[in-house]
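> Each chain is listed here by its residues.
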Amino acid sequence: MAETSLTHTDRMAPRPAGWQGIAADWASDQRAFKNVSWGKAMMWIFLLSDTFIFGCFLLSYMTARISTRVPWPNPSEVFALRIGGSEIPLILIAIMTFVLISSSGTMAMAVNFGYRRDRRKTAILMLLTAALGATFVGMQAFEWTKLIMEGVRPWGNPWGAAQFGSSFFMITGFHGTHVTIGVIFLIITARKVWRGDFDVGRPGFFTSRRGRYENVEIMGLYWHFVDLVWVFIFAFFYLW
Amino acid sequence: MAEATANGLGQHALHTAHAHDAAPVAVADAHQEHPIKLYLVVWAWLFILSTCSYLVDYFGLHGYLRWSLILIFMMLKAGLIVAVFMHMAWERLAMMYAIILPPILVLVFVTMMVFEADYTLLTRIAFFGPGP
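Protein sequence lines, in the order shown, are assigned to chains A and B.
Under the numbering used here, read the first sequence as residues 39 to 278, first letter to last.
Under the numbering used here, read the second sequence as residues 54 to 185, first letter to last.
Note that these hints are calculated values from the structure, not bench results.
Just so it is clear, the structure is predicted and the values come from calculations on it, not from any experiment.
No residue lacks a Cβ here, since even glycine has one placed at the ideal position from N, Cα and C.
Check the hints yourself; a few may be wrong.
Listed next, with one range per pair, are the computed distances between beta-carbon atoms [what the hints assert, rightly or not]:
1) ALA70(A) - HIS115(B): 42 to 52 Å
2) GLY182(B) - MET187(A): 31 to 41 Å
3) ILE89(B) - GLY198(A): 21 to 31 Å
4) ALA61(A) - LEU118(B): 18 to 28 Å
5) GLU86(B) - ARG120(A): 26 to 36 Å
6) PRO88(B) - GLY122(A): 34 to 44 Å
7) THR104(B) - LEU86(A): 21 to 31 Å
8) MET187(A) - PHE162(B): 30 to 40 Å
9) GLY198(A) - PRO88(B): 41 to 51 Å
10) GLY182(B) - TRP278(A): 21 to 31 Å
11) MET80(A) - LEU174(B): 20 to 30 Å
With the C-beta cut set under 7 Å, the calculated list includes, among others, these residues of chain A facing chain B [unchecked claim]:
12) PHE71
13) LEU128
14) LEU259
15) VAL269
Chain A extracted, bound-state conformation (with noise of 0.2 Å):
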């Protein structure tokens, strides 16, 4: 907390644009990211991590499917489903993208309806979205248990090469895990705002630090970097 104080002093002057700006913002002695607190830089710096890991989970698979001999399953027809007498390709995952992008357009407008401080709108619309984001998990779910009976395993698969399953298992499970943890702090975070924690600056029952309204919009930070994965393995794994 002191070193951000004496900090506060320089940042009054004003500050180049361009270029010049971002040699002058990470000169030493100084904070690099200007007008962004700690929480939200920490923030995207963990989504920058987290997106190393969805890039190699993409990179094997994109290594895997290049290197081996045997046919690759399409997609297209796996995870077609028969609805009215007729195959319907890709339909669950793109509901489920729908209902993905969806709960990323109610996360944005809670971020806004925080800022103008409406406890209710912003709770309800964090609400609405984690109800979004489970029905998300849940149709993952019903898709997981489809392959499983249709014999799709880690090892292999009816329809062609074995790395398909590996591949399908590992990156759609670790995105419906950010989810799930999503949707959890979803909820705990709603639940902060109801009360009108971020109003009185109630101390966190873990960090034991009072929450702003900022936290709602690093909240909406996380969600929306878990639709930005999906647009990835929408295009790479069951597009292409």
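Given the coordinates of chain A, assemble chain B onto it according to the supplied hints.
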């Protein structure tokens, strides 16, 4: 766009003036306040782009057309989410480059692994024959 952030700044400064016990670091933290309409428009675009990428599969497009369309829709969606939903468009350039540049460098890794995987495939074909 810039005025939205500036406006948020001003409001926050007002707010912290009242709360003496707030951490001093909070003074210059920019709040992200934008009209709800912006989020709704982005939301609609994400729906449209997702539908488009689904239709690529539905109509069974193949080859380079399929792959380029998938990549274009993917990048547009990712860009909208990061820029607007995650408010990256209103951050300072130092922040943008710190977060966005490192993942782009993963492309170097991708290139390496494409060569490596091709080599593995050739070796497998040489030793085990073309099919299973």
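> State for each hint whether it applies.
Hint check:
Taken as a hint, the range 42 to 52 Å holds for the pair ALA70(A) and HIS115(B), whose Cβ atoms sit roughly 47 Å apart. One distance hint, 31 to 41 Å for the beta-carbon pair GLY182(B) and MET187(A), holds here, with the actual separation near 33 Å. Checked against the given bound of 21 to 31 Å, the beta carbons of ILE89(B) and GLY198(A), roughly 47 Å apart, lie outside it. Distance hint for ALA61(A) and LEU118(B): a CB-CB separation of about 43 Å, inconsistent with the stated range 18 to 28 Å.
Here the CB-CB span from GLU86(B) to ARG120(A) is close to 47 Å, at odds with the stated 26 to 36 Å. For the pair PRO88(B) and GLY122(A), the supplied restraint of 34 to 44 Å holds, since their beta-carbon distance comes to about 41 Å. One distance hint, 21 to 31 Å for the beta-carbon pair THR104(B) and LEU86(A), holds here, with the actual separation near 30 Å. The hinted range of 30 to 40 Å is satisfied by MET187(A) and PHE162(B), whose Cβ atoms lie roughly 36 Å apart.
Against the hinted window of 41 to 51 Å, the Cβ-Cβ separation of GLY198(A) and PRO88(B) comes to about 49 Å, which satisfies the hint. Evaluation of the 21 to 31 Å hint for GLY182(B) and TRP278(A) yields a pass: the beta carbon distance comes to about 26 Å. Between MET80(A) and LEU174(B) the CB atoms are about 41 Å apart, so this pair departs from the stated range of 20 to 30 Å. Checking PHE71(A) against chain B by beta carbon gives a least distance of about 5 Å; that is within 7 Å, so the hint holds.
Given the 7 Å rule on beta carbons, the hint for LEU128(A) holds: about 5 Å separates it from the nearest Cβ of chain B. Hint status for LEU259(A) relative to chain B: holds, with the closest Cβ pair at about 6 Å, below 7 Å. Because the beta carbon of VAL269(A) sits about 5 Å from the nearest beta carbon in chain B, less than 7 Å, this interface hint is met.
Hints 3, 4, 5, 11 from the earlier list are contradicted by this structure; the remaining hints agree with it.
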